[in-house]
Amino acid sequence: MDPVVAEGLRISGLSYVLIFVVLGIFYGLIKLLLKMFPRRDDSA
Amino acid sequence: MSELLRGIVGMADWRVWAMFGVGLALIWLAVKKEYEPNLLLPMGFGCLLANIPFSSAVGGGFLDVLFKGGITNELFPILIFIGVGAMIDFGPLLQDPEMLFFGAAAQFGIFFTMMLALLVGRIPGVMGIPGLREAAAIGIIGAADGPTSIYVATRFAPALLAPITVAAYSYMSLVPIIQPPVIRALTTREERMIRMENPEHEVSKTVKVIFPIAVTLIAGIIAPMSVALIGSLMFGNLLRESGVTERLSKTAQNELSSLVTILLGITIGSSMGGKQFLNPTTLLIIAMGLIAFVFDTAGGVLFAKLINLFRKRKINPMIGACGISAFPMSARVIQKMAQQEDGSNFIIMHAVGANVAGQIASIIAGGLILALVR
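The listed protein sequences correspond, in order, to chains A and B.
Here the working numbering runs 721 ahead of the position in the first sequence, where the first position is 1.
Here the working numbering runs 26 ahead of the position in the second sequence, where the first position is 1.
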């Protein structure tokens, strides 16, 4: 396989997986925030 | 006298006429069809200014000054993001954080198109897309997010900036035409009729204030290249959600956004010189932009269908298509489609949640590509 195409494939796959990982971290963050500050709290 | 005549003589070049046609077509799309008029109209006029023979607006003129001062150094897209952040309400996403994953899934078109650009560029006889950086810049049209496309293209393929920007904004405005047939091809009527309960709980102000700060820090630490993009978006959002900077938030949403959009549009238009724009690569980029949007939509819908295999409470797979950034157009399109199948089905809250998730995901995608592609 052309090395540039192979590198493109590697970067594409890795990037796509990493997007899920980063957004998965955000998911955990939101869940944590919702647990810590469960309801309307206008004092902040 | 020769000074006066050289403009007329310059009109003998067919590319001048062709680019006048392109500029007028953009203005027509903006005025008559109302396709992204805030951007396409300045772009069309900028194109006319740049292609008038011996124009004083370019070649050291004010449009060159704007290009160096706002595009080359990436200032304009960053400022636009502050305005976009101030306009976005992350509430629907915070109420239903699962929607984040649809934002991720619907970035598929970026990477599919990037690979396609690389492969097409290697077909003998086809005008080449020389390397990985150019292919990545073309793929990022699939972010369905103008500022991210401009940001990445400026760094990776400045010579392709004009066609990439035209494709990104044109297809964003064409989302109501592009997405429905793709969604219909991949879903059954029963799937499109799936109802989803709206989340009932309110999100506290504390969460809304902490969220943009935490996302900036986390995304910045993981992908420092994304700090400028995600940081400006989240800064704008913090202005909105803090509740103490209403004047700044309104300024970011209105005056700042409008001002920078004018400058961004006319400056991008000025980069559409006939010599650079009129070539087969431009046509390839325009075609690949469409492919990127189609595969974004397909990626989101198919991911939703995949998740449904493991869930008791099914998700309407059309929600997956909202993970494409194109905010808020995509959410509106999906709500309209849901109501076409069942007039009393309201999935707009979920659709908006996935749509703002797409906004975040597209920036993360841009940051990762900037970090990984050498």
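Hints were generated in silico from the structure; no laboratory data involved.
Don't take each hint at face value.
Capping the alpha-carbon separation at 30 angstroms, the derived lysine-lysine pairs in BS3-like fashion look like this [unchecked claim]:
| no. | chain 1 | residue 1 | chain 2 | residue 2 |
| --- | --- | --- | --- | --- |
| 1 | A | 752 | B | 331 |
| 2 | B | 340 | B | 362 |
| 3 | A | 756 | B | 340 |
| 4 | B | 94 | B | 331 |
Restraint check for residue 94/B with residue 331/B, where alpha carbons must lie at most 30 angstroms apart: Violated: residue 94/B and residue 331/B sit about 46 angstroms apart, past 30 angstroms.
Holds or violated: residue 752/A and residue 331/B, Cα atoms, limit 30 angstroms. 24 angstroms, holds
Hinted pair residue 756/A and residue 340/B, Cα distance within 30 angstroms: 25 angstroms, holds
Are the Cα atoms of residue 340/B and residue 362/B separated by 30 angstroms or less? 19 angstroms, holds
Hint 4 alone, counting from the list given before, is not met by this structure.
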